[in-house]
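Asker: Each chain is listed here by its residues.
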Amino acid sequence: MTDIAPTGTPAKPDETARAPRRKMRLHIAVFLAPAVLIYTLFSIYPLIESLRLSLQSSVPGGEADYVGLANYAKLFFDPLWADQFLNALKNNVVMFCTIMVVQNPIGLVLAALLSLPKVRFTGTYRTLLFMPTLLSVVIIGFVWQLILSPLWGVTDGFLRAIGLAHAYKPWLGLEGSALFTLSMISVWQYVGVPMMLIYAALLSIPDELIDAARIDGLRGWAIFWKVKLPLILPTLGLVGILTYIGNFTVSFDLIYAVQGALAGPNFSTDVMGTFLFRTFFGQQTQLGDPHMGATVASVLFFIILAGVSVYLLAVQRRLQRYEM
Amino acid sequence: MKSTLFSGAALAAVLVAFAGSAHADTTLKIESWRSDDQAVWDEKIIPAFEKSHPGIKVVFAPTAPTEYNAALNARLDGGTAGDLIVCRPFDGSLALFKKGQLTDITGLKGMENFGDVAKVAWTTDDGKQTFCVPMAAVIHGFMYNKEAFKEVGVEVPKTEAEFYAVLDKIKANGKYVPLDIGTADQWEAATMGYYNIAPVYYGGEKGRDELINGTAKMTDPKFVKGFEELAKWIPYLGNGYQAQSYSDSQNLFTLGRAAIYPTGSWEITGFKANSDFEVGAFPPPVAKAGDKCVISDHTDIGIGMNAASKNKDAAKAFLEWVASPEFASIYTNSLPGFFSLSSAPFKVEDPLAQEFISWRKTCESSIRVSAQILSRGEPNMDNQMWVESANVLNGTETPAEAAKKIQDGLASWYPLQK
Chain A
0 MTDIAPTGTP AKPDETARAP RRKMRLHIAV FLAPAVLIYT LFSIYPLIES LRLSLQSSVP
60 GGEADYVGLA NYAKLFFDPL WADQFLNALK NNVVMFCTIM VVQNPIGLVL AALLSLPKVR
120 FTGTYRTLLF MPTLLSVVII GFVWQLILSP LWGVTDGFLR AIGLAHAYKP WLGLEGSALF
180 TLSMISVWQY VGVPMMLIYA ALLSIPDELI DAARIDGLRG WAIFWKVKLP LILPTLGLVG
240 ILTYIGNFTV SFDLIYAVQG ALAGPNFSTD VMGTFLFRTF FGQQTQLGDP HMGATVASVL
300 FFIILAGVSV YLLAVQRRLQ RYEM
Chain B
0 MKSTLFSGAA LAAVLVAFAG SAHADTTLKI ESWRSDDQAV WDEKIIPAFE KSHPGIKVVF
60 APTAPTEYNA ALNARLDGGT AGDLIVCRPF DGSLALFKKG QLTDITGLKG MENFGDVAKV
120 AWTTDDGKQT FCVPMAAVIH GFMYNKEAFK EVGVEVPKTE AEFYAVLDKI KANGKYVPLD
180 IGTADQWEAA TMGYYNIAPV YYGGEKGRDE LINGTAKMTD PKFVKGFEEL AKWIPYLGNG
240 YQAQSYSDSQ NLFTLGRAAI YPTGSWEITG FKANSDFEVG AFPPPVAKAG DKCVISDHTD
300 IGIGMNAASK NKDAAKAFLE WVASPEFASI YTNSLPGFFS LSSAPFKVED PLAQEFISWR
360 KTCESSIRVS AQILSRGEPN MDNQMWVESA NVLNGTETPA EAAKKIQDGL ASWYPLQK
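Chains A and B are the protein sequences, given in the same order.
The first sequence begins at 0 in numbering that gives the first Met the number 0 and counts up by one.
The second sequence begins at 0 in numbering that gives the first Met the number 0 and counts up by one.
Mixed in with the good hints, there may be bad ones.
What the hints assert, rightly or not - Where chain A lies over chain B, by a calculated footprint (3+ residues, C-beta under 8 angstroms):
| id | stretch |
| --- | --- |
| 1 | 84 to 92 |
| 2 | 133 to 146 |
| 3 | 242 to 250 |
| 4 | 379 to 388 |
None of these hints come from the bench; they were simulated from the model.
We treat Cβ as the ideally placed atom computed from N, Cα and C, and that holds for glycine.
So that you can see chain A by itself, here it is in the shape it has in the complex:
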């Protein structure tokens, strides 16, 4: 992988700047068209439809009525809905913090180790560490359910073998530990993503910079802290915001696969995604409500939008980017 490290800044596209303006505009339209069309059709249009749905209400079989923000008021102030909503939001925040604190530092350390020139078999490690990311979340959920199972799992026996027989608990079934356990499973699956991103950023740091730092008298850790880390900060920011978005969207897959739509025990693993699914599609004898479901989805959209905006406007602008 080291052979594809960039060696210099790309040439400035001076030629296009001199071309006539009108022609350039046409180019822009032509090149943007496919992405804009597809994005509009499959992303923006459904989003607007979903927002429209959230402003309506209907009885089964009846026409939809425009109700303004009544659905949002119900979600935020009706105790029945607000409790579920706050619980789901809280769980999402807890899961996000856990993953931020555990997954991304581990990803950073793994990337730093892999990028050391003296480590052997880096290709193998890289593949192995990235492998779980490529597996279906249903498989991941099932495998971990089996590993942790009190009946057939290896965890109990393993802990017994190393003299920690009492340390075993049915973690996925206890209110206190279920969410943390799921967060750890998610970390295990997705640690390869931050690792790869940070690894690529580390590789793109030119050797001359490191050599220069050495000549200036820096050693080992100091090179990492004072030279490499500042250079990869924009990537770390990107990893952070990807974790944020992923936590609100991807967390659903794992929790639905392992705990079901009721996100047990006692809603202790209920996140916005499972709450949305239950509301929109229904659950066993509970009927789905597309309008309340769309309301939950819209709130989720605004939460993600707010987070991404804060990042883009407040954080990313302050991150110093260095020409390498």
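Knowing the structure of chain A, use the given hints to seat chain B on it.
Answerer: Then chain B, alone, in the frame of chain A:
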């Protein structure tokens, strides 16, 4: 150019041939949540129908039980659902009928084979229109490992006291998990737990009616008693039962590692195929000797017609056949444990299924307490039963707290409970 023309003609000929064959055979697709029954439908039920109805092909296309309602609603709304819809009981199907997605079949030939009780789960509140043909009811109870009982030296318990005495003996013996139920999937706690044992205490249909009329509350002692019994089960459950899923429980029992399995008659087929010991069954224990037993005999499965089906005549022919005594006999005997609701006489051959259905003679039958009307609002009572029963079994809530939460939920929307 010539070769293009030629292959074009050949293609057209092939297409015409296909269209011709498609016209001769109407294919009906059945939506169901009983994926466990695929083989029985493919090998027994569908061939029997196709034999007497040439020209109609039937495909049984089930979805996983936990996803069925959501997937079916989405498919009906999107216009991609099958011609025949296997109906969940009560409000789920009633809502589909009100939305115009199920056809009114009140006058269907063969409906006279079903009594009012059989049809209640698929009839409008005013009792005028029926929209699904009743297929089967399931009966709740306890299954037990006969060899384990012999080894430990216990008899089938009839009263509460005997039930716990048996459990104590099995626990002392140490070889078997006394009571095989987990809370990971939550629904077993309600379905095999509360819905199974509680009717005896609240007086079956009478208690259920009182709750619907508003003359009784979930917090009344007779309704709390069911949760109290669940709480007493805790010491007899397996290690780590909080993370034990439904399929874990099934495997634990069929591998012969558990003695008593709170369940319903739908397990009979699977357990017969997967266990190498003899399985027995007993109804939920009564409070004291001489009390009348009450069983949960839940009208669980019906079948209706998708109002948007393009093959209505064929679908109607299928429903008429489902309403016939021939189907009642084939269905009940190829799926022992799903008891036809037909009043036409039919014979049950499987001994374990016979045991279950024999309770209909000695005990009062009742349907699940949350099934009719009470799960219509928000919060959904059935969902609450799942969560609260699981909480009680997990020991994170007292029986009184669980009952109060359900009563509060009911009172928040149901006028007669306010």
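Asker: Each hint should be assessed against the structure and marked as holding or not.
Answerer: A quick look at each hint next to the structure:
A stretch counts as covered by a chain when three or more of its residues have a beta carbon under 8 angstroms from one of that chain; for the stretch 84 to 92 of chain B and chain A the count is 4, and the coverage holds. Look at the stretch 133 to 146 of chain B against chain A: 0 of its residues bring a Cβ nearer than 8 angstroms to a Cβ of that chain, fewer than three, so the hint is violated. Three residues within the 8 angstroms Cβ limit are the bar, and the stretch 242 to 250 of chain B against chain A gives 5, so the coverage statement holds. Residues of the stretch 379 to 388 of chain B with a Cβ under 8 angstroms from some Cβ of chain A number 5, which satisfies the need for three, so the listed coverage holds.
In this structure, the one hint that does not hold is number 2.
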